[in-house]
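Engineer: One letter stands for each residue in the lines below.
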Amino acid sequence: MEPILFAIFGAISVGGAIMVVTRRHPMTSALYLILTLFAVAALFALRQAHFLAVIQVIVYAGAVVVLFIFVIMLINVPESRLPMERLTGLRFLGVTAAGLLILESALVARRFVMAGTPATDSGSVEAVGRALFTDYLLAFELTSVLLLAAVIGAIVLAKRKI
Amino acid sequence: MMEPSAYLLLSGILFGIGVAGVVARKNVLIILMSVEIMLNAVNVAFIAVGSYLGDATGSVFAFMVMTVAAAEAAVGLAILIAVYRLKETIDITELSVLKW
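For the protein sequence lines, the chains are A and B, in the order given. Under the working numbering, residues 1 to 162 are what the first sequence spells out, in order. Under the working numbering, residues 1 to 100 are what the second sequence spells out, in order.
Just so you know, these hints were derived from the structure itself, not from any lab. Here the structure is a predicted model, which means the values were calculated and not measured. Hints may contain errors.
To be verified - Label-pair ranges, simulated between beta-carbon atoms: (1) A:L90 with B:I79: 21 to 27 Å; (2) A:R24 with B:L98: 24 to 30 Å; (3) B:K87 with A:I155: 20 to 26 Å; (4) B:A82 with A:D135: 37 to 43 Å; (5) A:E85 with B:V83: 25 to 31 Å; (6) A:V54 with B:M1: 16 to 22 Å.
Stated by the list, open to error - From the derived model, a few chain B residues whose C-beta atoms are all more than 10 Å from chain A: (7) R25; (8) S96; (9) V97; (10) L98.
Just so you know, even glycine gets a beta-carbon here, dropped at the ideal spot from N, CA and C.
This is chain A alone, in the form it adopts within the complex (with noise of 0.2 Å):
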């Protein structure tokens, strides 16, 4: 049951994510945004890391996405004044370059045999809490002062007259 539905999202994550890339207009590459990060919830819901496919649900496509609409909403480039695509020598090799990427990481992945013991209950909320309060208690520490600096960051960038 599992390989069907990891294809099935998988699909689905890896089209929305190449219709995010090539989409014209960025409101549509945002909506695109969506269904993949819905379709990545998913694969986290299927690992049973059900704490983080919540976050990343409400997180992610709730609030990060959201921000984007607001910006694009905001910016408003009339659709006559967007940039102009085309594909350049240097912009190609580029794509080729991630291609390659692709490939490579294939090949890793192909030898990647791990000796696991796994059905254990690990991605649940109260594991995931118990962790991030005990043994990486710092990190969350120091990830609410990154979350203040952020906002004290977005807000004096984006003012009009500081």
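Place chain B on chain A using the hints.
Structural biologist: The following block gives chain B in isolation, referenced to the frame of chain A:
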């Protein structure tokens, strides 16, 4: 539970698509969205291996990546708004002031 190899391949594919988006697009908003795709690909890898090994560390690190990605998206978009007010364009080739 499945072996994580297929998930790692998927992570590599998503990452490659994100890289292609960053390199090949001129619209700054789409570049930022491609960076989000790359960060999501990393999260897929973290969760896949972490859940296979039965360790909550994978989930914790994915949580951290998500936090940093949200902060970076906010600041990046604020920079974009500030630059747009100045230069009236979102074309990355026109926003480049470095010599090369």
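Engineer: Look at each hint and say if it fits the structure.
Structural biologist: Going through the hints against the structure:
no. : hint                          : result
1   : A:L90 with B:I79: 21 to 27 Å  : holds, 24 Å
2   : A:R24 with B:L98: 24 to 30 Å  : holds, 26 Å
3   : B:K87 with A:I155: 20 to 26 Å : holds, 21 Å
4   : B:A82 with A:D135: 37 to 43 Å : holds, 39 Å
5   : A:E85 with B:V83: 25 to 31 Å  : violated, 19 Å
6   : A:V54 with B:M1: 16 to 22 Å   : holds, 20 Å
7   : R25                           : violated, 7 Å
8   : S96                           : holds, 13 Å
9   : V97                           : holds, 17 Å
10  : L98                           : holds, 15 Å
The structure shown violates the earlier hints numbered 5, 7.
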